[in-house]
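Letter by letter, the chains look like this.
2 protein chains.
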Amino acid sequence: MKYPTTPIPGGVCAPKGFTASGVHCGIRKNKQKLDLCLIKSEVRAASAAVYTQNIVQGAPIAVTKANLADGYAQALICNSGNANTCNADGVEIAQAMCALVEQHAGIPVADVIIASTGVIGQPLPIAPIAEGMPALVSGLSGEISGNDNAAAAIMTTDLREKIRAFSFDIGGVECRIGGIAKGSGMINPNMATMLAFITTDVAITPEMLQLAISRDTEISFNMVCVDGDTSTNDMMSIMANGMAGNKLIDSEGDDFNAFCQALGMVTNYLAREIARDGEGATKLITCSVHGIPAVDARKIAKSVVSSSLVKSAMFGADANWGRILCAMGYSGVTFDPSKVSVKFSAASSPDDICEVTVCENGASVDFDEDLAKKVLTHESNEIAIIIKIGEGSGHATAWGCDLTYDYVKINGDYRT
Amino acid sequence: MKYPTTPIPGGVCAPKGFTASGVHCGIRKNKQKLDLCLIKSEVRAASAAVYTQNIVQGAPIAVTKANLADGYAQALICNSGNANTCNADGVEIAQAMCALVEQHAGIPVADVIIASTGVIGQPLPIAPIAEGMPALVSGLSGEISGNDNAAAAIMTTDLREKIRAFSFDIGGVECRIGGIAKGSGMINPNMATMLAFITTDVAITPEMLQLAISRDTEISFNMVCVDGDTSTNDMMSIMANGMAGNKLIDSEGDDFNAFCQALGMVTNYLAREIARDGEGATKLITCSVHGIPAVDARKIAKSVVSSSLVKSAMFGADANWGRILCAMGYSGVTFDPSKVSVKFSAASSPDDICEVTVCENGASVDFDEDLAKKVLTHESNEIAIIIKIGEGSGHATAWGCDLTYDYVKINGDYRT
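In order, the protein sequence lines correspond to chains A and B.
So the first sequence is numbered by our numbering: it starts at 70 and just counts up by one.
So the second sequence is numbered by our numbering: it starts at 70 and just counts up by one.
Just so you know, these hints were derived from the structure itself, not from any lab.
Computed from a predicted model, the values in this text were never measured in an experiment.
Mixed in with the good hints, there may be bad ones.
Identical chains share a label here; the pair holds if one copy fits it or two copies do between them.
Heads up, simulated DSBU-like pairs for lysine-lysine below, C-alpha to C-alpha not over 30 Å straight-line [what the hints assert, rightly or not]:
1. K102 to K442
2. K98 to K412
3. K71 to K102
4. K134 to K478
5. K316 to K443
6. K85 to K134
7. K100 to K442
8. K443 to K98
9. K408 to K134
10. K316 to K98
11. K98 to K442
12. K368 to K443
13. K316 to K478
14. K408 to K443
15. K102 to K478
16. K443 to K478
17. K442 to K478
18. K316 to K412
19. K368 to K98
20. K98 to K457
Isolated chain A, as found in the complex (with noise of 0.2 Å):
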């Protein structure tokens, strides 16, 4: 960690000017299930968003790169349990939403951001909505309550609210970056069924934004695959509302390495927790390759721990590295198969370390097998797959979780 940075409670409430609210408006048939959310910045803020890069997208897309053109936006509107997807009025009831924003919270329509997840291909009724706005509006909150309220009602199947936020300095200035994030199923790098909404404080011109998010993408919620299906709907998006009174980011330098360091913690903390948060997983798996271009490592790392069968083996503590080489052989990239290591391990605390070298020079090495079912039954259930291929400096690293019952079971049968 280069830039000094401190965690801080309140997710996207954390920076200064921003509020939040979550209520349940009827989309969803659970009264207990908070299903509308809203996050509204106090001023007009540098905006930015990344995409789905499914050709099937949902209709909040479309209007959100439309709102988003000119590089802002003050509010952020998202319902769960409907995608808005697949719908001949989709377009129509997304706008329809961003309308209610300017009538309920008096931002104009264009400066909205609006998403949507849950099931595909149902129409999305408006009137809920219209019905929920007054609530969701008054519920407005920069309290810890207000970001909850939020991360709650953005969750289908997601187990655990996916929340942090940071405190950083740039040129003196203290300023804050915070976020929240759902995803639990259809998630598969290059954005799938994952929505993150960040907020942050920081001054920053809409282009340094972009840039910055865009790089930030790459290593942070595009190296997270839960079951290999890339959504309709993923969305990251973020509202710098230049609060914080730092000077203003315009260019590359210190402070712009400062604001991409913190946003990193972000993103990989929200990445890490919708892995770990995988549907039906017990376990989070991380895939780190060493000794060649990143480029190549971030794709092999994806595809290991994409592979159904090093999950399956995973979630049965089954140390069969095999799979492992196998999933590395079809990930696209040209490697020598006979200079690949492959460890497992996990860790309880930094200086208590448990781990297992099951593979060598590309073939097995004669480890011990106790030590192996330890490795991948430990209690942190978070298991590192270490894999090394060469000397080179490059290195990336995936996140996944390991295949159960449990998620065959929530998907057999989603809809009802």
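On the provided structure of chain A, position chain B as indicated by the hints.
Chain B alone, transformed into the frame defined by chain A:
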């Protein structure tokens, strides 16, 4: 079916001059499980093969490539229980297996095709194979039992033998083609943990034989997906010994086409059976895509049958067609989502078809959920997903299976 073709019994022993055998030699602990297979031609046969595209390849693949460089072979040996992959001495062991065939069956080492399937990264002992050779060779038989033992000996987690043969006519001469296959997990297009061994008594040059299987694989074995994992050991091989006495096929034309059709009938059957017998599968899922060029239709069909979310929905009999649109959207093919229609279909017989259209013009239609449930729980355990994208004549079909608790169970602890 342009050329008349008749199903016949006998698998790889159906063509003239082929015998086969299968024994338990001890690579597998379970003595009930055959683990060593031999197929032999009375005379040297034009031979060809296609191989996995995984860059980590089993030692048997390297040895077979070398032995088939001249386009001829006369015997095939295959063990199950150990893939002989990622082993420092893998090539030596594979060569030693070929030497055992020469020693015991009198076929020169350079005319032996070799394959192995099972766990990756565990040294393959040669001793049990050497001990099993006398019984393996003395068991060679041209009867159905010979074929069935061979088919059983190549199985790993397969529940069923996969066997098919046809007789057909080339220039007034009756010819035969037959095959066996294995494959249940680690199955993904591009030849994945799948072995298929075909024999035929057709007279054909090695060049035309290679052309026939290379074209055929694109629309047969490469269109199967069980779990998206492309294995290190996949191989499809064919031996054509010419004993039917037809005029040698040395160019394209009617005779070649008749052969290709018969070949396709064997490979299509085996490919479908591999999907049906996918690890833990309860249903065969076929996805056919119509209206766009075949090369694109293939990518889309494969993407749909490969989606964990689609596969889970099929297991749960959930008509969640949005996941199908989603999988189409990340297939890498550009198409207009608003032109897509999706239908589920199942049939007890060609005149007893049960079907339901769930999506038209890329959006939901008001379909009967009870009818959808009826289709998706159909007694045939075979569900067709029929997708229409445009008005073109191109089309393709891919085969997969549902994702079940048992897939996870089987793969959670495969090595024990």
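Each hint tested on the structure:
no.	hint	verdict
1	K102 to K442	between (39 Å within a copy, 27 Å between copies)
2	K98 to K412	between (46 Å within a copy, 28 Å between copies)
3	K71 to K102	neither (41 Å within a copy, 59 Å between copies)
4	K134 to K478	neither (35 Å within a copy, 43 Å between copies)
5	K316 to K443	neither (51 Å within a copy, 64 Å between copies)
6	K85 to K134	within (25 Å within a copy, 66 Å between copies)
7	K100 to K442	between (43 Å within a copy, 27 Å between copies)
8	K443 to K98	between (43 Å within a copy, 25 Å between copies)
9	K408 to K134	between (45 Å within a copy, 23 Å between copies)
10	K316 to K98	neither (47 Å within a copy, 71 Å between copies)
11	K98 to K442	between (43 Å within a copy, 22 Å between copies)
12	K368 to K443	within (29 Å within a copy, 41 Å between copies)
13	K316 to K478	neither (52 Å within a copy, 57 Å between copies)
14	K408 to K443	within (26 Å within a copy, 53 Å between copies)
15	K102 to K478	within (20 Å within a copy, 32 Å between copies)
16	K443 to K478	both (28 Å within a copy, 20 Å between copies)
17	K442 to K478	both (26 Å within a copy, 17 Å between copies)
18	K316 to K412	neither (46 Å within a copy, 58 Å between copies)
19	K368 to K98	neither (40 Å within a copy, 37 Å between copies)
20	K98 to K457	neither (49 Å within a copy, 33 Å between copies)
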